[in-house]
Every structure is written in structure tokens, then in C-alpha cells.
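Student: Sequence:
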Amino acid sequence: MISFYATTSVKLLETNDELIAKKKFELVPFDELKYIADKNTTLTDVIGEIIGISPMEKVEVRGKKLNKRLIEPQDNMREKIRITFWDKFAEAINDDICFDNSVRPIIIITSTTVKTYMRKLSLSSTNSSKLYVNLDIPKVIELRKGYREEIEFSLDEKEKKIESLQLSHSILDPNEVSKMKRTLLKILTFIKTEKEQGSVCI
1 MISFYATTSV KLLETNDELI AKKKFELVPF DELKYIADKN TTLTDVIGEI
51 IGISPMEKVE VRGKKLNKRL IEPQDNMREK IRITFWDKFA EAINDDICFD
101 NSVRPIIIIT STTVKTYMRK LSLSSTNSSK LYVNLDIPKV IELRKGYREE
151 IEFSLDEKEK KIESLQLSHS ILDPNEVSKM KRTLLKILTF IKTEKEQGSV
201 CI
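Letter by letter, the sequence shown follows residues 1 to 202 of full-length UniProt numbering.
Each hint should be verified, as a subset may be incorrect.
Heads up, simulated DSS-like pairs for lysine-lysine below, C-alpha to C-alpha not over 25 Å straight-line [stated by the list, open to error]:
hint	residue 1	residue 2
1	Lys65	Lys88
2	Lys34	Lys115
3	Lys115	Lys24
4	Lys145	Lys88
5	Lys80	Lys64
6	Lys88	Lys24
7	Lys80	Lys34
8	Lys34	Lys65
9	Lys80	Lys11
10	Lys58	Lys130
11	Lys145	Lys65
12	Lys80	Lys120
13	Lys130	Lys120
14	Lys58	Lys88
15	Lys24	Lys120
16	Lys11	Lys34
17	Lys11	Lys39
18	Lys130	Lys34
19	Lys115	Lys58
20	Lys115	Lys39
21	Lys39	Lys130
22	Lys58	Lys34
23	Lys130	Lys64
24	Lys24	Lys130
If you anchor each label on the Cβ, the simulated ranges turn out as follows [said to hold, decoys possible]:
hint	residue 1	residue 2	range
25	Lys58	Asn127	14 to 20 Å
26	Asn134	Glu26	16 to 22 Å
27	Ile2	Asp136	50 to 56 Å
28	Val133	Ala6	44 to 50 Å
29	Thr42	Lys64	45 to 51 Å
30	Phe4	Lys64	17 to 23 Å
31	Lys65	Asp136	33 to 39 Å
32	Lys88	Glu26	20 to 26 Å
33	Gly63	Asp136	37 to 43 Å
34	Tyr5	Pro29	25 to 31 Å
35	Ser128	Met56	34 to 40 Å
36	Arg62	Thr42	20 to 26 Å
The set of hints was computed from the structure by calculation and includes no laboratory data.
Note that the coordinates shown come from a computational prediction; the quantities given were computed from them, not determined experimentally.
We put the CB at the ideal spot given by N, CA and C, even for glycine.
Work the whole structure out from these sequences, hints included.
Tutor: In C-alpha cells, the structure reads:
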């Protein structure tokens, strides 16, 4: 919030608006995400070319049905990571955007959280996230140029297509993990009790 007082003065800044960046991002390379993983207080911006997309599904989170979709982008070093898109973001990245273009889309998504599960990194959109597709800024243009130069020297048609991802349960919602832990605890408690009573058969 900005407060103005009786002593506040305002001065017109005479400058070229074109010199002021319209969009400002703090993009983190994929190979540096491991340093900020599992810190919910750290919101991360990333950029990448979409190479994989899953079908959308409905999942229940805290008693509420939400849309979920997995997206797999790659960066300029061909590093890949999966991003879980929730609700409005899952709807925003659709088949029309991904498959009706002559080139694969480049996305920037802001304010994501970085998680580690089964020694694999993944990102997840948050309520604060914003999504940009094929934004006309130098970073996107530079990334596109690098991919185009690589593809020109590649005979593999897969380099030009987007793969259909299977929804993987290796990227689980925290609520699902908690349920699994509680279920496992109940099983272990049951086995322990039955062993003490001498009636368990394993």
C-alpha cells in the first residue's frame, strides 16, 4: 500500500515508456530448483517449452473437487520437470493451445511451489500463480530460437511434437500422501496387535 500525506509531492517522470519492462520475472533454471525444494514460503517463476501434457482429471482436495493436469516443459538445457496445474490453470492449458500450433508453446508460470517426492522434483501452481503463453519478450524469443536451431539439425520428428502424458501418481497431492500414511499406520498397528495375540499369519 502507498500512503500520500499533505507533504507528499508528485513529479512527472519524463522517460520513454518502452524502457520500462511490461513484465518482470525472476526465472529459476530447472537445475537450481533443488535448492529451494519443499520451502512453501518460496514462490518460483519458471520458463520452458511444453513437450508433454496429460488429460485433465477431477480430484478431491479437502472435500472440494478440483481440475488437475500435468504439464512437462523443458528448458534451454533440455532439462525436464513436471508441473501440476490446478483448476483454472489446468483449464487454461488445453489441447487447442498445445496441438493446434506449428510450434510447441513456451510458457512462463509464476509463483509455483517446488516439491520433492520419491527423489523427483515437481512444481505446483498456487493461487498466486500467473500463466503466460508465447509471451513476446526477449527471454521467450531467445528460447524459441535455440530450440529452432536444434530442430533444424534433428531428423527426429518427435522433436516437433508434444507427448501425451499419463497422469502419474508419483506426483501426489499432500492430502493423498497423508491418507496413505494413515492407512499404513492402521495396517501396522493391526499387525502388531495380532502378533501380540499370536493370531497373525504373514
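Student: Are there hints from earlier that the structure breaks, and if so, what are their numbers?
Tutor: 4, 5, 8, 9, 11, 15, 16, 17, 22, 27, 29, 30, 34 and 35
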